[in-house]
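Chemist: If you want the building blocks of each chain, they are given just below.
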Amino acid sequence: MTDDDLARTEFVVRTIAEESVAQEKYFGELDAVVGDGDFGYSLARGFEFVLADFDTIDRTDSGTFLSRVAVMITSHIGGTSGPIWGTAFLRAGGSLKGNDDISGADAVAALRAAVEGIKKRGQSDLGDKTLLDALVPAIDTLEASLEAGDDAAVAVRKMATAAREAAEATSTLEARRGRASYTGERSIGSVDAGAMGLAVLAEKLADTWPAD
Amino acid sequence: MTDDDLARTEFVVRTIAEESVAQEKYFGELDAVVGDGDFGYSLARGFEFVLADFDTIDRTDSGTFLSRVAVMITSHIGGTSGPIWGTAFLRAGGSLKGNDDISGADAVAALRAAVEGIKKRGQSDLGDKTLLDALVPAIDTLEASLEAGDDAAVAVRKMATAAREAAEATSTLEARRGRASYTGERSIGSVDAGAMGLAVLAEKLADTWPAD
Amino acid sequence: MKKFINDPKQFVPEMLEGIALANPDTLKYVPAYNLIHRADAPNNDKVTIIQGSGSGHEPAHVMTVGRGMLDGACPGDVFAAPPLDFITETVKLLASDKGVLLLVNNYTGDRMAFEMAEEVAEADGVKVKTLFIDDDVAVKDSTYTVGRRGVAGNFFVMKAVGAAAEKGADLVELVRIGEKVNSVTRTMGIALTACTPPAKGEPLFELGDDEIEIGVGIHGEPGRRRAKWMPANDIADVLLDAILPDLPFESGDRVAVMVNGLGGTPISELYLLYGIIHKKLDEKGISVGRNYVGDYCTSLDMAGASLTLVRLDEEIEGLLAEPAEIAIRVF
Amino acid sequence: MKKFINDPKQFVPEMLEGIALANPDTLKYVPAYNLIHRADAPNNDKVTIIQGSGSGHEPAHVMTVGRGMLDGACPGDVFAAPPLDFITETVKLLASDKGVLLLVNNYTGDRMAFEMAEEVAEADGVKVKTLFIDDDVAVKDSTYTVGRRGVAGNFFVMKAVGAAAEKGADLVELVRIGEKVNSVTRTMGIALTACTPPAKGEPLFELGDDEIEIGVGIHGEPGRRRAKWMPANDIADVLLDAILPDLPFESGDRVAVMVNGLGGTPISELYLLYGIIHKKLDEKGISVGRNYVGDYCTSLDMAGASLTLVRLDEEIEGLLAEPAEIAIRVF
Ligand SMILES: Nc1ncnc2c1ncn2[C@@H]1O[C@H](COP(=O)(O)OP(=O)(O)O)[C@@H](O)[C@H]1O
Ligand SMILES: Nc1ncnc2c1ncn2[C@@H]1O[C@H](COP(=O)(O)OP(=O)(O)O)[C@@H](O)[C@H]1O
Ligand SMILES: [Mg+2]
Ligand SMILES: [Mg+2]
Ligand SMILES: [Mg+2]
Ligand SMILES: [Mg+2]
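Chains as they are written, first to last, in numbering that gives the first Met the number 0: chain A, 0 to 211; chain B, 0 to 211; chain C, 0 to 330; chain D, 0 to 330.
No lab work stands behind these hints, which were simulated from the structure alone. Small disclaimer: the values here were computed from a predicted structure and weren't measured. From the three backbone atoms N, C-alpha and C, an ideal C-beta is built for every residue, glycine too. Careful: at least some of the hints might be erroneous.
[Stated by the list, open to error] Label pairs and their computed distance ranges (CB to CB): (1) D:Lys-166 x C:Lys-166: 30 to 36 Å; (2) A:Gly-188 x D:Glu-205: 44 to 50 Å; (3) B:Glu-164 x D:Asp-281: 57 to 63 Å; (4) A:Asp-206 x C:Asp-24: 53 to 59 Å; (5) B:Gly-93 x C:Lys-283: 54 to 60 Å; (6) A:Ala-104 x C:Asp-39: 57 to 63 Å.
[Stated by the list, open to error] DSSO-like, lysine-lysine: derived pairs with alpha carbons at most 30 Å apart: (7) C:Lys-8 x A:Lys-203; (8) C:Lys-1 x A:Lys-24; (9) C:Lys-91 x A:Lys-119; (10) C:Lys-1 x D:Lys-278; (11) D:Lys-91 x D:Lys-126; (12) B:Lys-119 x B:Lys-157; (13) C:Lys-128 x C:Lys-139; (14) D:Lys-91 x D:Lys-27; (15) C:Lys-97 x C:Lys-126; (16) D:Lys-283 x D:Lys-227; (17) B:Lys-24 x B:Lys-118; (18) D:Lys-128 x D:Lys-139; (19) C:Lys-139 x C:Lys-283; (20) D:Lys-1 x B:Lys-119; (21) C:Lys-283 x A:Lys-118; (22) C:Lys-278 x D:Lys-1; (23) C:Lys-27 x D:Lys-227; (24) C:Lys-278 x D:Lys-27; (25) D:Lys-128 x B:Lys-118; (26) A:Lys-96 x A:Lys-119; (27) D:Lys-179 x D:Lys-283; (28) D:Lys-126 x D:Lys-179; (29) D:Lys-8 x C:Lys-278; (30) D:Lys-128 x D:Lys-97; (31) D:Lys-27 x C:Lys-283; (32) A:Lys-118 x C:Lys-126; (33) D:Lys-166 x B:Lys-203; (34) D:Lys-97 x D:Lys-27; (35) D:Lys-227 x A:Lys-24.
Excised from the complex, chain A in its bound form (with noise of 0.2 Å):
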């Protein structure tokens, strides 16, 4: 019930903003291979905007607390990855607003709707060496366990796996997104910030998922 999945909610964006801030200098690292370097510096500024005001935002329902945490986002992290994750917020939100009773496959179509909404954004697809390539693999395996009567902890667990899986798998891929794009072939054999940066957070979440 609402509580429960408001509690679940604010839990997963502290995790992935908190873990943003822990990790800006790997996620720089993995940026600056091929990039620019500043996808760890952009993320972790912006959710430090979150994380300063998290008590404050609106929590009349999940989809309302995510709908306010993309405008944060979007306002206050530059870069690529604003606009990206931004939306990716702002999409799951509405895809769970007035939604009180969130099931697993509530969960599943909301991180759908994410992946949906940074496509648009971001003109990009699977295939094209971005954060794409880690999430929408996530996201099947999600599905697969929670379907197979997985409970969530195992789920998110294996969700992490699929992710680092597929965030190693991006180094054969040559960037045709972002900055990385530039240097063309060079981008193949490093793997991409992005898709990287996801799997950590997904691990993160898997690693401190909450006993129901």
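Position chains B, C and D with the ligands against the provided structure of chain A, taking the given hints into account.
Modeler: Coordinates of chains B, C and D with the ligands only, in the frame set by chain A:
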């Protein structure tokens, strides 16, 4: 007699010029320690001009020859070395002007004249950590050796040895002239570029001095 | 990292404050949005011109705010497009009755932020148009890519529309002029060293003592390929061979030439390079109408340079020749 | 060594050719004497102003030739005073009926060469005066030393006498003005890296990743002392503590401030440093009448900066405000 004198003068000038060009890099490194590193470049470029026009230089007598070389040096060597070395050659030339039977004493007198010229032009004196600190002891030794009856080759060798020792000794001095003086106490511990350059040239003269 | 800097997070704000303090009569600074704007903006008799993009490219663009150039610049952090609200607030503050022209170098992050900002502004009833600059020939343009980058050539678009705006040109006219200038502008860059973003504290990539990066942008990312160092004559050929066939520039053309320093290269080297390029253009029958040598659009402290050519016509050359009064280099 | 360069021996000539090619209407280039001079010089209604010094300080001084500044500059090789004949031939070529003013930074080599040149010129019946600039507070001045160095402060002397000369001031008047400006100008420099002279091919000295040199001149030589890197706030204090007590500059004074880049430092950092210094001067009751931020007098590719303060009076401020048209940075 004149031809010999002139031949000897030409030999000295040519040796100094060729060795300065050959030692460009080393002289530059000497000047780089606490100076601006252009000593080698300046001498090399200047003496390249002298060598290029060497055969056309007025050879009326050794004095005239040296004076002409002085003008070439002053007009083609920049930095402090241009005026300093130009003045030295000019004064030496002046003291030998019209002299067509140059004795060892005449040679020493010419070198003393050069020293006076440098002191006046550079408003410098012994102990300021300049080439004077190698040149003066070198001349003293040359004079003593000649008066003791050594033949030219021996005297020049003794002069070179004295120059080397005196140049090494400049490392204990604090520079009061030239760019090196701007580093103050920090100039102590490294030899003066001009003094060491002079020692190197003297040694080359000793190594190649023609048997009478 | 050895820079004149305090806290890396304050690098951009402290720099902007310096610009403001150095130009008290002509510029205003709004810390909340990294905004530097003309003290006399908005001016309702003139279209407002705003440039976005990240920081680290100075003098572009916060130091090119002034009469005849920009009305305002609201850069993001180093190499990061400005967050949405920087742009929307800047547009609100500087909007003029004649409208607002947003100049944006073509990068994913900037594109997205400014497209969103344009929507917001229009919703607020502001007349606004966005102009994307993409002059970098190092990037292959194709439907599969994000298109070419906007780099130093941005200067010429900025200068041309800035001059036209002073003379009262309307928004539609400015877009026409800007697109025209962009369409005849080509740039290619070469890096001798990597740059060091304040937040990272170390060079973005390793480069050997005898290596250079060919085809770099202005965000410190590696270029298209790495090569051994080569003499300035050969570098000039590499740059010209990439630029000339692209438009193409041909014998009989009259051009503006910019040899732009990337931040760590002294102007002596830039003029040396300029001389070589000028002579090579002469040989090809291409005459130099105007030339620009110096740091115009940098990549922090990167040693390197970019070459920009603009094919001139009477209109463009006239606009480039118009006066401008900006923050930097006052004699 | 990674520079835009061909043969190191041709570094200076090729740079000068680039300057000439970039300014065909306003400047002339005489290769034999490394001379860049105004196309309209000599002008018999105006005193001719010539600056010597070595190369490697660009834009000083070959790029500051033009209306309101220099009539000609004949630099020696990198960091080397010009040979005597460069100067004598330049004076012959540019001598005007109103006379010739030679601006010389105070270095042994330059002093000697220009004193000799002055003798020669006078022998040729040319009216000539030499003005020595020595604004560097890093050097202790005493009868046992060669005196203080002339560094970035040279710009203000050049600008002031250049402006006065345009208005017809005679030689005596220019010397008075130049000496006055020099007497109220003080500079202090800090290096973050060593520079690499083309002929040497490697840095002049080794400096650790966390070390800086305090009290450097403009010839790449080490400074007065080495220190650990410190934040810009502390660097500003080091510079001000060296400069302020020296004149001294006091509360109530109105000054011109120059934050000069030494060649390898981007303008973003210079403005950051300027902002800090501006605020510290405010606190001390010293008001900034004019400011100059950028590369004015460099040490090749050295990363670093110098701070120059000039105590203004009506005459000096007026002359500094006069227009000038020189080679660099055309918008
Ligand atoms: N067009 C796009 N669509 C989706 N994701 C993208 C796109 N462009 C970049 N990304 C993601 O953003 C990451 C880079 O983020 P960031 O460094 O903030 O962007 P920028 O390239 O502007 O510096 C990339 O690693 C990639 O995962
Ligand atoms: N005032 C002076 N009098 C005599 N010799 C000097 C004087 N100043 C410098 N020197 C000599 O010149 C050498 C440096 O020559 P150079 O590098 O050409 O001069 P600069 O200091 O102008 O670069 C010094 O090592 C010193 O021996
Ligand atoms: Mg990035
Ligand atoms: Mg020297
Ligand atoms: Mg970025
Ligand atoms: Mg020198």
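Chemist: Sort out whether Lys-119 of chain B lies within 30 Å of Lys-1 of chain D, counting only the CA atoms.
Modeler: Violated, because 42 Å separates the two Cα atoms, which is more than 30 Å.
Chemist: With a cut-off of 30 Å on the C-alpha distance, tell me whether Lys-126 of chain D and Lys-179 of chain D pass.
Modeler: Distance ~21 Å between Lys-126 of chain D and Lys-179 of chain D Cα, so the pair holds.
Chemist: Holds or violated: the 57 to 63 Å window for the beta-carbon distance between Ala-104 of chain A and Asp-39 of chain C?
Modeler: holds, 58 Å
Chemist: Measure nothing beyond the straight line between the CA atoms of Lys-27 of chain C and Lys-227 of chain D; if it is 30 Å or shorter, mark the hint as holding.
Modeler: Roughly 36 Å between the alpha carbons, so the hint for Lys-27 of chain C and Lys-227 of chain D is violated.
Chemist: Take the C-beta atom of Gly-188 of chain A and the C-beta atom of Glu-205 of chain D, compute their distance, and say whether it sits inside 44 to 50 Å.
Modeler: Since Gly-188 of chain A and Glu-205 of chain D have Cβ atoms about 35 Å apart, the given range 44 to 50 Å is violated.
Chemist: Are the Cα positions of Lys-179 of chain D and Lys-283 of chain D separated by 30 Å at most?
Modeler: Since the Cα atoms of Lys-179 of chain D and Lys-283 of chain D sit roughly 24 Å apart, the hinted pair holds (cutoff 30 Å).
Chemist: Would you mind confirming whether the straight-line C-alpha gap from Lys-227 of chain D to Lys-24 of chain A stays at or under 30 Å?
Modeler: With a Cα-Cα distance of about 25 Å, the restraint between Lys-227 of chain D and Lys-24 of chain A holds, given a limit of 30 Å.
Chemist: Between Lys-97 of chain D and Lys-27 of chain D, does the CA-CA distance stay at or below 30 Å?
Modeler: With a Cα-Cα distance of about 21 Å, the restraint between Lys-97 of chain D and Lys-27 of chain D holds, given a limit of 30 Å.
Chemist: For the pair supplied as a hint, Lys-283 of chain C and Lys-118 of chain A, confirm whether the alpha-carbon distance does not exceed 30 Å.
Modeler: Given pair Lys-283 of chain C, Lys-118 of chain A is violated - Cα atoms ~46 Å apart, limit 30 Å.
Chemist: Sort out whether Lys-203 of chain B lies within 30 Å of Lys-166 of chain D, counting only the CA atoms.
Modeler: violated, 58 Å
Chemist: Quick one, are Lys-91 of chain C and Lys-119 of chain A close enough, alpha carbons at most 30 Å?
Modeler: holds, 27 Å
Chemist: Given the proposed pairing of Lys-91 of chain D with Lys-27 of chain D, does the C-alpha separation stay at or below 30 Å?
Modeler: Satisfied, since the Cα-Cα distance of roughly 15 Å is no more than 30 Å.
Checked against the numbered hints given earlier, the structure breaks hints 2, 20, 21, 23 and 33 and satisfies all the rest.
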